[in-house]
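Engineer: Okay, here's what each chain looks like letter by letter:
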Amino acid sequence: MNFSIYDFTSFTQWIDKVLYDNLPAFWAIAVEMTIIGVAILLFYALIGLFLVYAERKVCAFMQNRVGPNRVGPFGFFQTIADLFKLLMKELVYIKNADKLLFNIAPFIVIIASFMAIAAIPFAKGLHAIDFDIGILYVIAVSSLGVVGILLAGWSSNNKYSLIGAMRSGAQIVSYELSVGLSLVTIIILAGTMQFSAIVEGQANGWFIFKGHIPAFIAFIVFLIASTAETNRGPFDLAEAESELTAGFHTEYSGIKFAFFFLAEYMNMFIVASIAATVFLGGWMPFHVGGWEGFNHIMDFIPPFVWYIGKTFFIIWIMMWFKWTFPRLRIDQLLTLEWKYLLPINLVNILIMAFIVLMGWHF
Amino acid sequence: MTPNQLMFAIFSAVIIIFSILTVTSRRILRAATYLLFVLVATGGMYFLLRFNFLAAIQLTLYAGGIVVLIIFSILLTSHIGDKLEQPDLKKIIPAFLAAAAGMVITVFTILKHNFPQEVAAGTDRTDIRVIAKSLISTEKFGYALPFEVISILLLAAMVGAIILAKKRND
Numbered sequence: 001m002n003f004s005i006y007d008f009t010s011f012t013q014w015i016d017k018v019l020y021d022n023l024p025a026f027w028a029i030a031v032e033m034t035i036i037g038v039a040i041l042l043f044y045a046l047i048g049l050f051l052v053y054a055e056r057k058v059c060a061f062m063q064n065r066v067g068p069n070r071v072g073p074f075g076f077f078q079t080i081a082d083l084f085k086l087l088m089k090e091l092v093y094i095k096n097a098d099k100l101l102f103n104i105a106p107f108i109v110i111i112a113s114f115m116a117i118a119a120i121p122f123a124k125g126l127h128a129i130d131f132d133i134g135i136l137y138v139i140a141v142s143s144l145g146v147v148g149i150l151l152a153g154w155s156s157n158n159k160y161s162l163i164g165a166m167r168s169g170a171q172i173v174s175y176e177l178s179v180g181l182s183l184v185t186i187i188i189l190a191g192t193m194q195f196s197a198i199v200e201g202q203a204n205g206w207f208i209f210k211g212h213i214p215a216f217i218a219f220i221v222f223l224i225a226s227t228a229e230t231n232r233g234p235f236d237l238a239e240a241e242s243e244l245t246a247g248f249h250t251e252y253s254g255i256k257f258a259f260f261f262l263a264e265y266m267n268m269f270i271v272a273s274i275a276a277t278v279f280l281g282g283w284m285p286f287h288v289g290g291w292e293g294f295n296h297i298m299d300f301i302p303p304f305v306w307y308i309g310k311t312f313f314i315i316w317i318m319m320w321f322k323w324t325f326p327r328l329r330i331d332q333l334l335t336l337e338w339k340y341l342l343p344i345n346l347v348n349i350l351i352m353a354f355i356v357l358m359g360w361h362f
Numbered sequence: 001m002t003p004n005q006l007m008f009a010i011f012s013a014v015i016i017i018f019s020i021l022t023v024t025s026r027r028i029l030r031a032a033t034y035l036l037f038v039l040v041a042t043g044g045m046y047f048l049l050r051f052n053f054l055a056a057i058q059l060t061l062y063a064g065g066i067v068v069l070i071i072f073s074i075l076l077t078s079h080i081g082d083k084l085e086q087p088d089l090k091k092i093i094p095a096f097l098a099a100a101a102g103m104v105i106t107v108f109t110i111l112k113h114n115f116p117q118e119v120a121a122g123t124d125r126t127d128i129r130v131i132a133k134s135l136i137s138t139e140k141f142g143y144a145l146p147f148e149v150i151s152i153l154l155l156a157a158m159v160g161a162i163i164l165a166k167k168r169n170d
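Taken in sequence, the protein lines are chains B and V.
In terms of the working numbering, the first sequence opens at residue 1 and continues consecutively.
In terms of the working numbering, the second sequence opens at residue 1 and continues consecutively.
Same shape as in the complex, but just chain B (with noise of 0.2 angstroms):
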C-alpha cells in the first residue's frame, strides 16, 4: 500500500480489500458503514465544537474584545468545557409538551445535516458517496431540517417557539429557491451534478472565474440565501433573543438544545463546503488554464488543506456578515427573496445558458 496526502483513493480502496479478504461480503459491507458512519461523527462533533469557538473569536474581534481566553492557551479548550457542562445539565421536563414530538425534533434536524455532509467530497478520494445527482441529493436531504424546526417550535406549547418555529419556516422554505437556483447556474456551467465530476472539471480554473459574472453573481447569491437558510444572523429572526427569547429551542435544555446549537453550525459548514467545491473547486488547488508551472507550485499543497482553506473562508464571511448587519423585519426578509434575489437568479440561469450555448466560458 502506498499511502499520500495527496490521493486517498489507495488508502480506501486498501481498507476495502482487506476487509474483503477476511470478512463474508455482508460483514464487510458492515464494517465499512460503521467506519465511515463514526469517522463522519467524529469530524462532525470536532468540526462542530471548532465552529463555536470560531464564531466567538470572529466575534470577539469583530466587537473589539479578547473573547475566551482562559481555559487552555486562547481559551481553546473553552467549547469542550461548555460541551461538558451541556451533558451535565438537567433535561427539563414539560409538562403539556407533545413528548413524543418534543424528543424526536432534534433528532430530525440532526440527521438531516448529517445525511448532507455523507454527500460532500473532502479529499481526493475521500468521498463517503459519490451520487449522479449529489448537489440534488445535498438540496433534497437539507430540505427535511426544517420539519425539526416546526415540530421543536409546536410541540412545546410555548408562544414564543411557535412564532419562531413560524418565522423559520418562512424564511427557510422561501430561501430554499435561491440557494437550488444558484446552484443551477453552476450546474448549467458544469454539465453534471456529481460532485466529483464537478471538482474535476475545475481542474483549469475554478468556476467563479469561468463563468465570468452570472457566476459571480451566483455565488453572491448562494451566500446571502444559505445564510438565511440556516437561520443566522442577519436572518436569525426565527431566534431572535431580544424578541422570543431564544425562539424555536426555548423549551429545550441540556443535550437536547446542544442538538439544536451543533446542527446549526454544522448547516454552517456544510453550505459552506457546497460553496467551496461547487464556486471555489473544492479540494482542487488553485489552478490556471496554461501555466503549467505555478499549477505545479499549487500542487504541492495537498487537497484536504486547500478544501478546509476556502470552506472556513467562506465560513468567515458568514459570521463576518453576522457580526455586522443588524438583524431584518420578517417582511424585509421575504421582499428580499422574492422581490430581488429570485428575479435576479432567473435572469442570471438565462444568461448563463446563453453563455455556455454561445462557449464564451473558458
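Hints listed in this document are in silico derivations from the structure and should not be mistaken for laboratory results.
Each residue gets a CB set at the ideal place from its N, CA and C atoms; glycine is no exception.
Do not take every clue at face value.
Unchecked claim - Taking lysine to aspartate or glutamate pairs in the EDC-like style, the calculated list, with each CA pair at most 20 angstroms apart, reads:
#: 1; chain 1: V; residue 1: Lys167; chain 2: B; residue 2: Asp331
#: 2; chain 1: B; residue 1: Lys159; chain 2: B; residue 2: Asp98
#: 3; chain 1: B; residue 1: Lys159; chain 2: V; residue 2: Asp82
#: 4; chain 1: B; residue 1: Lys159; chain 2: B; residue 2: Glu243
#: 5; chain 1: B; residue 1: Lys85; chain 2: B; residue 2: Asp98
#: 6; chain 1: B; residue 1: Lys322; chain 2: B; residue 2: Glu55
#: 7; chain 1: V; residue 1: Lys133; chain 2: V; residue 2: Glu148
#: 8; chain 1: B; residue 1: Lys85; chain 2: B; residue 2: Asp132
#: 9; chain 1: V; residue 1: Lys83; chain 2: B; residue 2: Asp98
#: 10; chain 1: B; residue 1: Lys210; chain 2: B; residue 2: Glu292
#: 11; chain 1: V; residue 1: Lys133; chain 2: B; residue 2: Asp132
#: 12; chain 1: B; residue 1: Lys95; chain 2: B; residue 2: Asp82
#: 13; chain 1: V; residue 1: Lys166; chain 2: B; residue 2: Asp331
#: 14; chain 1: B; residue 1: Lys322; chain 2: B; residue 2: Glu200
#: 15; chain 1: B; residue 1: Lys99; chain 2: V; residue 2: Asp82
#: 16; chain 1: B; residue 1: Lys95; chain 2: V; residue 2: Glu148
Said to hold, decoys possible - Quick list of simulated restraints, FRET-style, between CB atoms:
#: 17; chain 1: B; residue 1: Gln13; chain 2: V; residue 2: Thr2; range: 16 to 24 angstroms
#: 18; chain 1: B; residue 1: His212; chain 2: V; residue 2: Val130; range: 39 to 47 angstroms
#: 19; chain 1: V; residue 1: Phe147; chain 2: B; residue 2: Gly191; range: 18 to 26 angstroms
#: 20; chain 1: B; residue 1: Asp7; chain 2: V; residue 2: Lys112; range: 19 to 27 angstroms
#: 21; chain 1: V; residue 1: Ile80; chain 2: B; residue 2: Phe304; range: 42 to 50 angstroms
#: 22; chain 1: V; residue 1: Met103; chain 2: B; residue 2: Leu100; range: 44 to 52 angstroms
#: 23; chain 1: B; residue 1: Val347; chain 2: V; residue 2: Leu6; range: 46 to 54 angstroms
#: 24; chain 1: B; residue 1: Lys95; chain 2: V; residue 2: Thr2; range: 45 to 53 angstroms
#: 25; chain 1: V; residue 1: Leu76; chain 2: B; residue 2: Arg70; range: 29 to 37 angstroms
Since the structure of chain B is already known, use the hints to place chain V on it.
Structural biologist: Frame of chain B; chain V shown alone:
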C-alpha cells in the same frame, strides 16, 4: 440475507408500521410526522433501487415540500391539546373496504405480472441526462407538451389562490 434485502426489510417495515400509525393516530401533527417517515422510507426504497433522481425528488417534493406545507397549516390552525374524534363505525367500514379493495387489486396485479428475471446491463441506473432530454423533447416519449400543460395548470391554480386569499375592497 444480503445487505440489500436487509435494507428492503427495514424500509418495508417502516412504511407499513408508520402508514398504519398515520391513519390511526388521533393527534393530527403526530399523524403528519408519521407520514413524513413513510415518505422518507419510500425515498430510501428508491435509493435502494438505484433510482437516485426519483429518490431525491421524493425527498424534496414530498418530505421537504408537501409535509412542511401540511405541518405549517396544522401549526396555524390547531392547538396542542386538540384530539381528533374517534370516527364512528359507519365511516370505518366503507373506508376499510375501499382500502382492502385497493390492496387486493394491487397485490393481484403484482403477482400476475411477469417480471423479467434478468435486467439488461446498463439499464439498472437511469442517467439524469436521459431524464432531462426526455422532459424537453417534442418527439415520441417526449414530455414537452405535458410539462407545459402542467405549468399552465399550476399558473391557473396560483392565480386562483391569490384571488381567494386577497381581501375584497368593498
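Engineer: Against the structure shown, which of the earlier numbered hints fail to hold, in ascending order?
Structural biologist: 5, 8, 12, 14, 16, 18, 20, 22, 25
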